[in-house]
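A.B. asks: Sequence:
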Amino acid sequence: MAQQTQISRVADFYSAWLEHFPSFKVLASASRADVLRQWSGLGYNNRAVRLHQLAKDVTGRRHRALPQTIDELLALPGIGKYTAHAVACFAFGQSVPVVDINIRRVLSRLKWKIHSASEMKPEKKIWSVAAAFLPPNNAYDWNQALMDIGSQLCTARNPKCAECPLRHDCASAFSSKFNAKHRAVKKTEPHHNGTPRRLIRGKILKILHTGPKRFNDLLPLLNGNHAASPPKMGEPLAEKQKFLHDVLALMENDGIIEMHGSGTSARISLPESS
DNA sequence: TAATCGTGGCT
DNA sequence: TAGCCAAGATT
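So in the working numbering, the last one in the first sequence is 274, and the numbering has no gaps at all.
One or more hints might be untrue.
[Unchecked claim] Straight-line alpha carbon distances no greater than 30 Å define the calculated DSBU-like cross-link-like pairs of lysine-lysine that follow:
1) K125 / K113
2) K121 / K203
3) K203 / K213
4) K160 / K240
5) K81 / K113
6) K125 / K160
7) K81 / K121
[Claimed, not checked] Label pairs and their in silico Cβ distance ranges:
8) D148 / A171: 13 to 23 Å
9) N253 / A30: 14 to 24 Å
10) Y140 / T210: 37 to 47 Å
11) L199 / N253: 16 to 26 Å
12) K113 / P212: 52 to 62 Å
It is worth saying that the hints were derived from the structure and are not from the lab.
C-beta: ideal position from N, C-alpha, C; glycine also.
Please construct the entire structure, taking both the sequences and the accompanying hints into account.
C.D. replies: Okay, here's the thing in structure tokens:
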């Protein structure tokens, strides 16, 4: 849940989630539709699908429990390098580095002076530095502390350098460049008449939580009010239908919806099987 | 490897 | 208020 999502936003979903799915066994036997319903509002619905599959994978294991090695964790759906290390450290007490967006930012601004890491690519280097800084006996507290510094003090914008315990060792302390305009320009994301595709996906899923719908019932969702571009008066219906069809195909491929039949009367629903 | 995936708070 | 940002993973 915490992937690309602030912890403060996760908290409520987390407790509600555990009430519905108190164990991997319960989660594994739940329907995909129920899983997506409980996830509703959190965003990145792919994560719900992957966690559902993870529960199935885990309950199929010998001890029906989460594996404890980083390599085994990495093999599970939805678990990448960060999460594997975070689980190993925070759940299983292993002495391993953790590099999330917060720690990444803290270490980057410190301008680490670790000689051995100078010829590595940035991604490998930062993990190497995080490992080099790791104290021998309390990785848990260390990693939590770095994350807290990153989220509470060493923030992306307007960092509180005056309150930071690392200010005397930091190459970027009190720098005026944190609010600089020169950030990487984002490419325009896929959209329909100015409405981002991911927002349309969100609307579709939200509607489907109220029950199955027909293809034609979903078409109005493409008429969102947006200031980005004026509505195209003469837009061919076929064009709109093609966009919706493509969006639904992506969502079906992601395991977020099911489609039965085809054409303008196709029946769209949350995944009812598996 | 760059693009894609949601949502809501913050500045 | 429009854009930035968030305990990343996947293809």
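A.B. asks: Each hint needs a verdict: does it hold in this structure or not?
C.D. replies: Right, here's what the structure says about each hint:
1. Distance hint between K125 and K113 is fulfilled; the C-alpha atoms sit about 11 Å from each other, no more than 30 Å.
2. Only pairs whose Cα atoms come within 30 Å are accepted, and K121 paired with K203 is rejected, the gap being roughly 40 Å.
3. At most 30 Å may separate the alpha-carbon atoms for a hinted pair to count; K203 and K213 meet this at roughly 13 Å.
4. Taking the CA atoms of K160 and K240, the gap is about 48 Å. The hint is violated against a cut of 30 Å.
5. Pair hint K81 plus K113 holds up; C-alpha atoms about 24 Å apart against a cutoff of 30 Å.
6. Between K125 and K160 the CA atoms are separated by roughly 26 Å; this keeps the pair inside 30 Å, and the hint holds.
7. For the suggested pair K81 and K121, the alpha carbons sit about 16 Å apart, so the restraint of at most 30 Å is met.
8. Restraint check, D148 to A171: a C-beta distance of roughly 21 Å satisfies the suggested window 13 to 23 Å.
9. Judged by the Cβ atoms, the range 14 to 24 Å given for N253 and A30 holds: they are separated by roughly 21 Å.
10. A beta carbon spacing of about 43 Å between Y140 and T210 agrees with the range 37 to 47 Å that was offered as a hint.
11. Our hint of 16 to 26 Å for L199 and N253 holds, since their Cβ atoms are close to 19 Å apart.
12. Restraint check, K113 to P212: a C-beta distance of roughly 60 Å satisfies the suggested window 52 to 62 Å.
Comparing the model with each numbered hint stated earlier shows that hints 2 and 4 do not hold.
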